[in-house]
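Undergrad: The lines below spell out each chain.
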Amino acid sequence: MTPVQTEVPQRRGTPQDSDGTPVISVRGLWKVFGPKAEQVPESEELCGLTRRELMDRTGCTAAVRDVDFEVAPGEVFVVMGLSGSGKSTLVRCLTRLIEPTAGEIVFEGENIRDADAGRLRELRRRKFSMVFQHFGLLPHRRVVDNVAFGLEIRGMSKAARVQRAQEVVELVGLAGYENSYPDQLSGGMQQRVGLARALAGDPDVLFFDEPFSALDPLIRRDMQNEVIRLHHEVGKTMVFITHDLSEALKLGDRILIMRDGKMVQCGTGDELVGAPADDYVREFVKDVPRGDVLTLRWIMRPPADGDELDGPELGPDVVVREATRAVLAADKPVKVVENGELLGIVGDEEILAVVAGQEGDM
Amino acid sequence: MMTVVMQKPEQPEKTEPVEKAAPVTGVRRVSRSTLVAAILVAWLLLFFVLRGKQTLALAAADLTDLHHWFNDVNDSIGANRNSNPLFLYFFNEIRLVIDTLVTFVQELISQPPAGRPVPQIGWLGVVGIAGYVSWALGNWRVALLAVAGFTFLGLQGLWQESMDTLALTLSAVLVALLIAIPLGVWAGLSDRVDRVMTPVLDFMQTMPTFVYLAPMTLFFLIGPASATIATVIYAAPPAIRITAHAIRSVPETTVEAADSLGATRRQALLKVLLPMSKRTVVMGVNQSIMAALAMVTITALIDAPGLGKTVVQALQSLDVGTAFNAGLAIVVMAIVLDRVTTAASTREEAARRSGNRFLTWRRPLLGAGAVVTAVLVYLSHTYMWAAEFPGEGGVGSSIAKAADTATTWAQDSLSGLTNAFRDALTNGLLNPFQTLLTDSPWWLVGAALIGLGAVLGGPRAGVTTAICVAVLIGTGVWSDSMTTLASTVVATVLVMVLGIGFGVWMGRSPLADRMLRPTLDAAQVMPPFVYLVPFLALFGATRFTAIVAAVVYAAPVAIKIIADGVRNVPATTVEAATSAGADTWQIITKVQLPMARGALTLATNQGLIYVLSMVVVGGLVGAGALGYDVVAGFSQGQLYGKGLAAGLAIVLLGVMFDRITQAAARRAGA
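Line by line, the protein sequences give chains V and E. If you're matching positions, the first sequence starts at 22 in the numbering used here and goes up one per residue. If you're matching positions, the second sequence starts at 5 in the numbering used here and goes up one per residue.
Bound conformation, chain E alone:
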């Protein structure tokens, strides 16, 4: 669910004199890979001896004391929700404010308020407003796109669901920006605030999304309000980061020039910093909206209304057609919102370039557009034909039927192929690895993980790994964690194979880059649910489906990072290698990949985090283990505590991977 790729700034590290360092690292690299190999061999040997002992296995319905305790906490909070002062004056108040906001927006566009059969503004009004706002903020092309896109949603027969999703997204983005932009400006102005904020944001973005959901329900119950709050938490960090970054990247000279003219801090902020960072901040808004949309669809798991709910329900009944139709609606909405906000961020510059001739007409045209929109809104408020989307959603059922047909065909004619592929990967790679992880004694796996963490990431990463392993054991879902770990590692390996293959191709060939990049961008914009649908159709509800969906979700990021890394290898170095007679394969393996090893580790880091954040989505389609625990925890009261523990376990895995790979990346970069 990390739709945002903000590369964390490289920490400046003191580089020692080169002539001293070179031979030392040479020796150490050899010993490091030897150490890794030694750890793995020792692990394997001990595995064969100790197989099946002390595995901490826990059956799906079994609970540990911790899980019971979580359940008790949940129950007691439920019982005291209206008497505990913390809830009475804090959480309930927040919930009330957010709930009021969401209900207000919903009654405006998606849910009929009391005393009316339809929402305040019907489809005609919404389409009119969408077109007008897109035109005013962007240009007429995106306005057309917005009108077409929203009309299509209606034709799919998903108008109300779409409007619910839109209402939640907009409410969440509004709240997120109210928090994020001032915080971002503050972090941009003050180094101290930035230092405090960065690790918090890092953590929030590293955490797999679903993990927010469980505690959310604890504090805010299920429903639209907690869905919105979870979405706010998810959508605010990118906006904070980008705003801070925008403020920081205003050239120092310009700020200095304002100072030298005697500007006060306020004047410098209002006249220099904010106007100059406006464009980047709008990009932050874009990221925030996309993140919110992705999250809002996921919050269907905690009973939020909208398209996500349609997808989840359809997935649970394996109704591929309906799921595909709703998934398509999510994609359409994502494309519209993305294009409009992107156009908004470039509008001013484009208008300036086009000369002033058009600007004189802009004001009256905008006025006229406003009048037309107002008329449309009035019509849709008053007349039934403009309020309820006409037709029965025939397009939607055609799409669903076509998807079903395609699925059936694919299952009938490709099943040999897909099943062979699935079984080969499952039996050849996944099962042995999973057995190794789950059937080894817990202390053996833990020691191996700590050893690998320390060798690959350094002593501090080793300590972090040790803490994570210890807490992981405490969660009581050790065995499930190991199953998930196996899937995650396999998926990440696949991601890296794809990433290196396509990344090198794109990095070397500008043509390939031009062709593939738009696809990758589009793939990153899509909310993760959508990936499940076609793979569910092809592979059925298995662990493997979840892995493939995670790979497809994570691969674009890895590919892009590796492509950029390969492209950033200096042309002169490649030229020197060519002139020394290296062939293409030698250039790739001896020059480009080694020089891009910082990018490779970063890609591994991002790939792992992305894969991990799909774990819960995978739980919906048969991945089992932690993902299933979390999903089951939402739906069954007695499993609530276990779900919470499983969510925590996902976070721990994420933190562990993140620390190790980041430490390794810093090392590779140094």
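Chain V on its own, in the form it takes in the complex:
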């Protein structure tokens, strides 16, 4: 598989300007479908069962099991898993489109699970919005009215909402299509309408539920770049659901991998590739071109006695692929230096192990 990762973003590592308070913090979240669902998270014994056993014992399906994570302001947080892993249920629980069974969802200091219907509506109108896999557009309304729909629901005046909708339509690159109907647009353009509708209300957090899975690969790439662009421009916090690892690596600051409703691992892309938590994750990331994801931090070794330490310097968060040329060109090992401190060195051996290994052992 050829990677579609020409531009490697410089937003690895911790999210920028975070003051430490997460926007969303999820603790011990459970969603169980079935009769007497609430007893499952409470019983230690039932918690220990696998999905299949739980189904046989109680007739319940645990879609989300004891999930914890935090999303920092401005971060793109990706939840990834195969179908049936509970990721779509998880994102719906965050805005209570599906009512969680147990756990805590704290949004800007407020536990969403305690919100009454009115407060919840208010949050959905002002604070969150969501982009759906199958768009969820209204076929009987023009593009601009679809985009303005959320504003209309809030009770904004017609003139104001049309003006705002127009701005957002231009932001997502749909200028000229305001008066079309959704079924006159291609899938990619329909999803731009979905995106515009989500952006129109100027929410604090955007949720994406596999927004590009229904699109063909080229359009999907365009839309991914569009999300990256919008993220740069508007800087929203985003929670992004996907089943596509390359999409997750491309967009996500951090990635949460789910399996059978449970968290398997949560970390940056290079952490997943460099230090998979278990065989499941290892299997998952094995086709990833490691050179595109791993940074020098992952391949450097401590300087040994015979090493010459006067080679060129590079930062630890430089991606291997970008460092390749520099390392191979230098006749001495490259020093990996952070804040003036020598962390380790990288020589031709290490680089080649990653770059050549890409096709070799995988």
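Don't read these hints as lab results, they were simulated from the structure. Think of the CB as a built atom: it goes at the ideal place given N, C-alpha and C, for glycine as much as any other residue.
Each computed SDA-like pair below joins lysine to any residue, with the alpha-carbon atoms no more than 25 Å apart:
#, chain 1, residue 1, chain 2, residue 2
1, E, Lys275, V, Ala181
2, V, Lys307, V, Arg346
3, E, Lys282, V, Gln205
4, V, Lys307, V, Ser104
5, E, Lys275, V, Asp204
Examples of chain E residues lying across from chain V (beta carbon under 7 Å, computed):
#, residue
6, Thr257
7, Thr258
8, Glu260
9, Ala261
10, Asp263
11, Ser264
12, Leu265
13, Gly266
14, Ala267
15, Gln271
16, Pro279
Go by the hints and put chain E onto chain V.
TA: Frame of chain V; chain E shown alone:
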């Protein structure tokens, strides 16, 4: 009278692991057909031994205690109609409201109100309104059709009858929709309401129409009001179902998207669900109108005015020409109403596609049209020439004369052929079967029916059959029921022969499908009375005429269902069979029909119900038995109770067949 084909949603059934189930069903199928054969053989053997004993036969004028009791109830209700509080404050009130509505509409277009020689709006005004409304809701083509159609009604000399029919239909549809659309929305929103409503609607649609009529007259007397109420009951279910279905088929994501934007339930309903289901709901309105029209013509039996009455009177005096003319008027009206409402359901989309250029002109044009219509209405209100349709209905009498001539010719030159056909079928199939059913002891037939029900439909269907048989005996019209059962089964067999023949042809050949489907659609739109006329001309007033009319009425549904079933067989399976060297006959019998067996059972189910709902219509043309009992019950006071019991017996037969075939269909589908 089931002009509506709403296939009941397949109940999801837990499928067992395939590898386990396969050998088991294999064994069971063999034993099931053996069991059926065993039951039939046992029945035949016992029949020859016990022939003519305990047959529960009842002569046409004889009554049982139950019938007398029904008569007494009827009399006492008649005597206490104005003193019993239930009547005083409930039934009479409903009757009063409906009566006011119907009288109002009738005085508007069909009956002269007090102090005027003619209705408020004369023919010119009605034609103008019909054209204008069709144009505004549909397009100019259907507007032309509406104007032409309504003018034709006048030319036939049936203006007033047509307007009576139209007035009753519109009043009934109005009331039906007032009830049906809110209920449908509710059933669409709430699973619980849907669960409660579905079996009730199933039952209402399974029940042969005439059965409503007898109790109606008990509570609401005869006449336009009870005709309208019966029509409402018949026309509301399709609208409820389709509205609920429309609400349910709005994509979940769209509703979720509205929720995620913080829409209240009200906002989600008004801005998302209702607008998105509008088009389908209009189709529900269409179904409702067609059902109402069919029913309104039938309510002629309880003295409702209109075209139906003309047909019934003509049928009773065997005046084929007049019956044909009036039947044609019903067809014309059905076509106009169908086309206009169909165009209305697609209008918005069509207008959107055609671009906005036309829309700017639409408003002023509509205004101008309204003014013209108002002028026409005023003229028709004021001047006699615009109020009463000019001419003597010369076209109508020409049509009647032509129909008479054609009939006479057909009778003279085809009678050899048609009589031979009729006699062959009657003597070869119908009579022996009927004898078997009517001359066997009642307990033998009952046991055989229960056995067949249990074997074909499973234990629960067996229990239902047992209950139905027991109540059937209680009705006191057992023997008549068996006669009707024989005709019904023969008609259904013919329906299935036609259904499989044409259905397979249409399912295999797109060309045949394109050619036949419009005919079938048209046949389904036609009110059932109309079928009787030509067959009455060809075969005279006999059981056989009724059977043929029922077959023609029921065959289109069966053909369509089977055609769809055959078409839905995956192309790859057919291809695989072809590549294995199967010839056409083998593909049909070994691949397509077995794989479409769910459709076959469904077609049998619908065919039976449709045939059964024609039983009473058949009673008008010499079918005898239950149909005759019901018809006689309407017209003769002392037979009222027996008619009611016969109506009940038809329902019981319907429920019995429905349960058995549906259970069998579920089995075939699983």
